[in-house]
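2 protein chains.
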Amino acid sequence: MIDRLTEAIRKTGAPVVVGLDPMLDYIPAPICSDAFAQAGQTLEGAALAIWNFNKGIVDAIAGLVPAVKPQIAMYEQFGLPGLEAYKRTIDYCHEKGLLVIGDVKRGDIGSTSAAYAVGHLGRVRVGDSFLPVFDEDFATVNPYLGTDGIRPFLDVCRQEHKGIFVLVKTSNPSSGEFQDRLTDGLPLYELVAEKVAEWGEEVMGSVYSNVGAVVGATYPEMGAAVRRLMPKAFILVPGYGAQGGKGSDLAPFFNEDGLGAIVNSSRGIIAAWRQEKYSSFGADAYADASRQAVLDMIEDIRQAVG
Amino acid sequence: MIDRLTEAIRKTGAPVVVGLDPMLDYIPAPICSDAFAQAGQTLEGAALAIWNFNKGIVDAIAGLVPAVKPQIAMYEQFGLPGLEAYKRTIDYCHEKGLLVIGDVKRGDIGSTSAAYAVGHLGRVRVGDSFLPVFDEDFATVNPYLGTDGIRPFLDVCRQEHKGIFVLVKTSNPSSGEFQDRLTDGLPLYELVAEKVAEWGEEVMGSVYSNVGAVVGATYPEMGAAVRRLMPKAFILVPGYGAQGGKGSDLAPFFNEDGLGAIVNSSRGIIAAWRQEKYSSFGADAYADASRQAVLDMIEDIRQAVG
Chain A
31 MIDRLTEAIR KTGAPVVVGL DPMLDYIPAP ICSDAFAQAG QTLEGAALAI
81 WNFNKGIVDA IAGLVPAVKP QIAMYEQFGL PGLEAYKRTI DYCHEKGLLV
131 IGDVKRGDIG STSAAYAVGH LGRVRVGDSF LPVFDEDFAT VNPYLGTDGI
181 RPFLDVCRQE HKGIFVLVKT SNPSSGEFQD RLTDGLPLYE LVAEKVAEWG
231 EEVMGSVYSN VGAVVGATYP EMGAAVRRLM PKAFILVPGY GAQGGKGSDL
281 APFFNEDGLG AIVNSSRGII AAWRQEKYSS FGADAYADAS RQAVLDMIED
331 IRQAVG
Chain B
31 MIDRLTEAIR KTGAPVVVGL DPMLDYIPAP ICSDAFAQAG QTLEGAALAI
81 WNFNKGIVDA IAGLVPAVKP QIAMYEQFGL PGLEAYKRTI DYCHEKGLLV
131 IGDVKRGDIG STSAAYAVGH LGRVRVGDSF LPVFDEDFAT VNPYLGTDGI
181 RPFLDVCRQE HKGIFVLVKT SNPSSGEFQD RLTDGLPLYE LVAEKVAEWG
231 EEVMGSVYSN VGAVVGATYP EMGAAVRRLM PKAFILVPGY GAQGGKGSDL
281 APFFNEDGLG AIVNSSRGII AAWRQEKYSS FGADAYADAS RQAVLDMIED
331 IRQAVG
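Residue numbers (the working numbering), protein chains in the order written: chain A, 31 to 336; chain B, 31 to 336.
Please keep in mind that the hints were generated in silico from the structure rather than gathered at the bench.
Identical chains blur together in the list; that is why a pair holds if it fits in one copy or across any two.
Quick list of in silico lysine to any residue cross-link-like pairs, SDA-like style, CA-CA up to 25 Å: (1) Lys85 with Val154; (2) Lys276 with Asp178; (3) Lys117 with Arg153; (4) Lys276 with Gly140; (5) Lys307 with Ser141; (6) Lys117 with Ala69; (7) Lys117 with Phe66; (8) Lys262 with Glu207.
Use the sequences and the hints to build the structure in full.
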């Protein structure tokens, strides 16, 4: 799967992923009121609003970027209807030729991680059938439980040609509380990065591994450090845009081949229509505002990374 | 919520939680074949088998224990139908007077953790409505992202009188890979335990906090250490039974008041009918075998903890 991602980045010239993390606040009022008129101020109504909103964005950005990253929490908070919108979004993105990184941050003891791996990236056995479930192309994974929480994901990645991104250094302000703690002189996130490199050897693509890492744009020096520790791991970089990461912060995440990283922006793209900069589009043309924000982001990264 | 849990433990005399983690292999063949006959070898068929199986167990154990702990991964792997069975199980357990600990191990950056907190423990806003979603009583939470990934859960716990159990030292063999790393002479899990105590101060019940911790029965010495670090935190103890933890390992997790811990068993209870010890029940009476396994577990813990 990492080879498909690399190819799609080359083709689009955009090491960019659009985070489909719809909050109801990001959705223009008419879309919400139409959905509520149809399905009520219910979980179903919220899910319908999200789906209609997402569809507009996906139609506007398909072809510009290689991948999207729906954050499952934003769907899960609306229960079963929300998760149905999550699945529908995944399937629609696939139809449109976009790769899908499920930002699920799952991770548990071995037998439980196996269930998550199967449910998100693999096929689950029911009687004699093996059925795809959520069927994302990549999933994000939490490493706190250690190797035996990761191994089932490696097994599924190998069988199904899928990939994972392991949380190494997250973009949030308090990520250092545990992740930066020094142990034998090394911060914890570097130990995790070393493990990412080790796990990655087992599921190599042609150049990069199907085991990547999440490292926040908000911590560029740390990005440089882990870039060296795991040269074959792709870095999924959240935190660009609304969280404070700038284009000029991004160079350390990339390798000399101009690859090795893919930068996510969520709010900065999908809620672009609410920004002063894109206000001329108006709420009705929210998807066009998102498209322009993607083009601007691609240009910003091109200038920074070259 | 921790006060309700404490009260329910006193009433049942059982600091025991039954893990509702149904794998299809645990389900007697006739239940599966009936479900497949009705809904096919599909996700719906699997979910129906799980639900019918769970219902039998819950009917057999209600009144004996204070709480159940469904592991969401075992439902999520069957997609939307599986998650519908998860929700149905939660609601049915509530009807039967059981508290529900959602073993979801969620955790993300602040705004995303807020969505998880709302979706699992709180109420989500849709227009002018505030709607309960999965509505577990407690949820397990992953601490890797630090305080700002935890804070939204604290806020929801305060508003909704709910609780969380933060992963401190998990029961799996490789949990030490990161959790045991020494930093300033202290293992990481002790630092997390100190944070659990700190976070817990904000959402105290009458004696114990609504912020508890997960510490595996497989690591009793570590249980003793963190017990001292967070005297007001309830410890949710997985790993008893099938994972190797014994009754005699459990004393260090409890306080002198005989409270402060609740021990989970999943496979050892719900798949009891497959054990030599309970084979006389037969597959048809799988729920009676589970009931007996619960009674035996309660007795084992009573002898060990006194």
